[in-house]
Amino acid sequence: MAALTTTVLTDDPSSALGGKGGMPPTRDGGDDDNFGSGPLSFDMRLRRARLGMVVAMTAIVMVFVSFSSAYLVRQGLPTLDPHTNTLVRDWFPVPLPRLLLINTLVLLLSTLTMELARRQVAREAALTQIAAVPGDAQKQEAGIQWLGLTVLLGFTFLTGQWMVWRELAARGFYLSTSSSSSFVYLLTGTHGLHLLGGVVALVAAGGASLLRKPVTSRLVVLDVTGWYWHFMAFLWIYILCLLEFAR
Amino acid sequence: MATREFAAHESHAHAAPQGFIRKWVFSLDHKVIGLQYYFLALTAVFVGMFLSLLMRIHLIWPTVALPLVGEIKPETYLSLLTMHGTIMVFFVLTTAPQGGFGNYFLPIQIGAADMAFPVLNMLSFWVTFLGYIVILAAFFVTGGAPLHGWTGYPPLSALPSAGPGEGLGADLWVISIGLFCVGALMSALNFITTTLDMRAKGMTMMRMPLTCWAWFITAILGLLAFGVLLSAAILLLLDRNAGTSFYVPLVIVNGQLAAHKGGSPLLWQHLFWFFGHPEVYIAILPAMGLCSQLVSVFSRKPIFGYKAMVYAILSIGLLGFMVWGHHMFMSGMSPYTAFAFSIMTMAIGVPSAIKTFNWLGTLWGGRIRLSSPMLFAIGFVSLFVSGGISGPFLAQPTLDIPLHDTAFVTGHFHLIMGVASIFGIFAATYYWFPKMFGRMMSESLARWHFWFTFVGTYCIFMPMHYAGMAGQPRRYSQFTELHYLEHLIPLNRFITFAAFVTISAQFLFLFNLFWSMKFGKKASDNPWEATTLEWTTATPPPHDNFGGRTPVVYNGPYEYSVPGAPRDYVMQTDPTVIAAH
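Residue numbers (the numbering used here), protein chains in the order written: chain A, 1 to 247; chain B, 1001 to 1581.
I should point out that these hints are in silico values taken from the structure, not numbers from a laboratory.
Every value quoted in this text rests on a predicted model; they were computed, and no experiment measured them.
By construction, the Cβ of each residue, glycine as well, lies at the ideal position given by its N, Cα and C atoms.
Please note that the accuracy of each hint is not assured.
Which residues of chain B face chain A? A few of them, derived with a C-beta cut under 7 Å, are [unchecked claim]:
| # | residue |
| --- | --- |
| 1 | 1164 |
| 2 | 1197 |
| 3 | 1228 |
| 4 | 1231 |
| 5 | 1242 |
| 6 | 1244 |
| 7 | 1250 |
| 8 | 1252 |
| 9 | 1253 |
| 10 | 1265 |
| 11 | 1267 |
| 12 | 1271 |
| 13 | 1385 |
| 14 | 1386 |
The following label-pair restraints were derived from C-beta to C-beta distances [what the hints assert, rightly or not]:
| # | chain 1 | residue 1 | chain 2 | residue 2 | range |
| --- | --- | --- | --- | --- | --- |
| 15 | A | 210 | B | 1130 | 28 to 36 Å |
| 16 | A | 80 | B | 1402 | 39 to 47 Å |
| 17 | B | 1074 | A | 87 | 47 to 55 Å |
| 18 | B | 1335 | A | 84 | 27 to 35 Å |
| 19 | B | 1256 | A | 109 | 46 to 54 Å |
| 20 | B | 1065 | A | 81 | 47 to 55 Å |
| 21 | A | 127 | B | 1130 | 38 to 46 Å |
| 22 | B | 1369 | A | 189 | 56 to 64 Å |
| 23 | A | 127 | B | 1563 | 41 to 49 Å |
Stretches of chain A that chain B covers, calculated by requiring three or more beta carbons in the stretch to come under 8 Å of a beta carbon on chain B [as the list claims (entries may be wrong)]:
| # | stretch |
| --- | --- |
| 24 | 66-76 |
| 25 | 79-87 |
| 26 | 153-160 |
| 27 | 179-191 |
Build out the structure end to end from the sequences listed, making use of the hints.
This is how it looks when you write it as structure tokens:
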């Protein structure tokens, strides 16, 4: 308790106690070696960006937790039938198109290419740091290929989801047809929008690559987008399970 | 995004932007963004206050035509109520303490050059600003502002045909709330990352000023709560505009069967209050942190029980997520559920009491300097106790059911969430004004402002408790014709007069604020003789906060009256004085 602490003058900062005085281990603080006016070191940028991404993912999780709880609550609610004046169950399970499985495979494949792209650039960055020379053009090309493939697969997934919506509509399930169909559109739509954000980030990273921005900048973008991309795949599997097994 | 973020951060390597637009409008500097949030909240609080004055006048003179609005019809009254609540809760109580002072002082107090992601920080402000413009626009569209209260309960809020203001006005309300959530989420992301990753060397978590702890925990609450409100708002928007039935059951509006069925209005209530209760703490925690700071600085004593204060903030934050059901005792929930929510709610009394006793313990035996920030800090403690003590009343379902829809609840939450938090904002303004603008505010005006506001708010809100117990319903636009409430008319007249006086006194503050910016006495770098990092730098702080220096922290934030030290306070950056014994 700070109120009971007595303090004496000393020149030795290492004799510190707890939170009261002296120099703590440097790892605990934030800006250890790069403060304010200087550019940040690569490791710190990466650490900060990853931390930010984890926090952002928490917010996204909360959005989907809310939707899930609304989904489960709504599913269990009866509704009043005005003709018979009785409570009836009006939850109609929506038959999910088979195309969703193919879309899922596409997304899983894209996480693989995403990881390959990330590792490719990570290797490049490590080489650059060690040798202090720019990565050679050939390797850069390889990174770009995996990145391009991921973007392509991302767009394929989104197009696939659009086709799923078209198929649902063709079968008569629109957004407002029933509560169950509302949730199918809501969950797939919100996930699709988030994935689109990831695609945009990857396109930006690709642009940075083509513009020959420093490899470390690209790695930071690719690294956190990689995390995000894997998270989106997990989220999709979760949504699919929710729609399939809890309908 | 990330590339731009880092590029922006590195921009601190260069000189501060010179052009007006880059420096004051689209600024990346957390200090300017903090001021932008602050002045947004300042305009919002005057709009909100004006609306409340109209309501108070209408309550005691229901037939009088008022300037700007004319005669107030029942639906106009509901619009005033809705807009007052929404503007005050979101754009004042959430915006000023966290967005304003948090943005300005969190990085400085932990020894950082800026927030972790400056571009994101700028975006959060501008998205919030857009939300503010959108909500104000609701006054001026066909049908006017919405009627559904700041809590927006469906079916009223979900059916455009439910009343005037429930058309475009209500759509704007939902969109504004959604925008605010997005801004708040981005801001929370920045606060959390900054606190965890950007502390200066030596600034351990347990050496952070309690203000930083409060902003940090508030950001975590915001991160978890605003995502839920955003989801709820999206569902409401779909119900209103896409024909879905998330919240709307089979319902007849004006004799017509609405095209919805099967939705649950209670679903909104659960989602809304899962956000809404933590929101109360989002509004009050920064004020608690600030109050802890100020009682220590102005008592010239270390805060009593620093660790207990930290753990109390943490447990208030945690418990805050488990009590939302106490807003819904009236919804017909199972008595067992209500009992659980009731117990959890009363449990919040424990950390709250720890904080209160620690504030009193800090004051006890201190060499108290009754400067204006300290007056407001002590005022905060007083309001926190007065408003908080009726919390355990309302936490009990058997008491809440008769009191819930009465003015008792209005009195309760205005004292604890509204005025207490506003006192935090005032205290922060008087405390940090010298650092922000380089001049002192007029102390005598500040004292007048304090006494008028302190006595005035008690005169407004204390009688409401009594009126509520006597049966005066809240949200009713007119009660003077009800025989059983006739005896409450004089009391209500008193409340309205008190509101007049209190609101007038706020112009003292406004005058003091702007007059002192130009003509106040020049402030030294550390006018309050405080220890935290913002007082080690120039006044006002340079673009990178510490003028290229790197602060290194050796001491805790509340080293006052340290035996053997040359002065009665030891700066956090002072390497020579070390705790021993």
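Status of the hints after comparison with the structure:
1. Proximity of residue 1164 of chain B to chain A is violated relative to the hint, the smallest CB-CB distance being about 25 Å (cut-off 7 Å).
2. Interface hint status for residue 1197 of chain B: upheld, as the beta-carbon distance to the closest one in chain A is roughly 5 Å, under 7 Å.
3. For the restraint placing residue 1228 of chain B at the interface with chain A, the shortest Cβ-Cβ distance is roughly 5 Å, inside the 7 Å limit, so the hint holds.
4. Because the beta carbon of residue 1231 of chain B sits about 4 Å from the nearest beta carbon in chain A, less than 7 Å, this interface hint is met.
5. Proximity of residue 1242 of chain B to chain A holds as hinted, the smallest CB-CB distance being about 5 Å (cut-off 7 Å).
6. Look at residue 1244 of chain B: its Cβ gets to within about 4 Å of chain A, closer than 7 Å, so that hint holds up.
7. For residue 1250 of chain B, the shortest C-beta to C-beta distance to chain A is roughly 5 Å, which falls under 7 Å, so the interface hint holds.
8. Because the closest C-beta pair between residue 1252 of chain B and chain A is about 9 Å apart, greater than 7 Å, the hint is violated.
9. Here the hint on residue 1253 of chain B is broken, as its CB sits about 14 Å from the closest CB of chain A, past 7 Å.
10. Nearest Cβ of chain A to the Cβ of residue 1265 of chain B: about 11 Å, over the 7 Å cut. The hint is violated.
11. Interface restraint check for residue 1267 of chain B: the shortest CB-CB distance to chain A comes to about 6 Å, inside 7 Å, so the restraint holds.
12. Given the 7 Å rule on beta carbons, the hint for residue 1271 of chain B holds: about 6 Å separates it from the nearest Cβ of chain A.
13. Because the smallest distance between the Cβ of residue 1385 of chain B and any Cβ of chain A comes to about 21 Å, over 7 Å, the interface hint for this residue is violated.
14. Residue-level restraint check for residue 1386 of chain B is violated (minimum Cβ-Cβ distance to chain A is 26 Å; threshold 7 Å).
15. In this structure the hint that residue 210 of chain A and residue 1130 of chain B lie 28 to 36 Å apart at CB holds, the actual value being about 33 Å.
16. The hinted range of 39 to 47 Å is not satisfied by residue 80 of chain A and residue 1402 of chain B, whose Cβ atoms lie roughly 30 Å apart.
17. Look at residue 1074 of chain B against residue 87 of chain A: about 34 Å separates their beta carbons, and that is not inside 47 to 55 Å.
18. One distance hint, 27 to 35 Å for the beta-carbon pair residue 1335 of chain B and residue 84 of chain A, holds here, with the actual separation near 31 Å.
19. Between residue 1256 of chain B and residue 109 of chain A the C-beta distance comes to about 51 Å, which sits within the given range of 46 to 54 Å.
20. As the Cβ distance of residue 1065 of chain B to residue 81 of chain A is approximately 49 Å, the hint placing it in 47 to 55 Å holds.
21. At about 45 Å, the CB distance of residue 127 of chain A to residue 1130 of chain B agrees with the hint of 38 to 46 Å.
22. Judged by the Cβ atoms, the range 56 to 64 Å given for residue 1369 of chain B and residue 189 of chain A holds: they are separated by roughly 58 Å.
23. One distance hint, 41 to 49 Å for the beta-carbon pair residue 127 of chain A and residue 1563 of chain B, is violated here, with the actual separation near 58 Å.
24. Coverage of the stretch 66-76 of chain A by chain B holds [criterion: at least 3 residues with CB-CB distance below 8 Å; count 6].
25. For the stretch 79-87 of chain A, the stated coverage by chain B is satisfied: 3 residues place a CB nearer than 8 Å to a CB of that chain, which reaches the threshold of 3.
26. Evaluation of the coverage hint for the stretch 153-160 of chain A: breached, as 0 residues show C-beta separations to chain B shorter than 8 Å, against a requirement of three.
27. Check on the stretch 179-191 of chain A: 4 of its residues sit with their Cβ under 8 Å from a Cβ of chain B, so the three-residue criterion for coverage holds.
Violated hints, listed in ascending order, are 1, 8, 9, 10, 13, 14, 16, 17, 23 and 26; each of the other numbered hints is respected by the structure.
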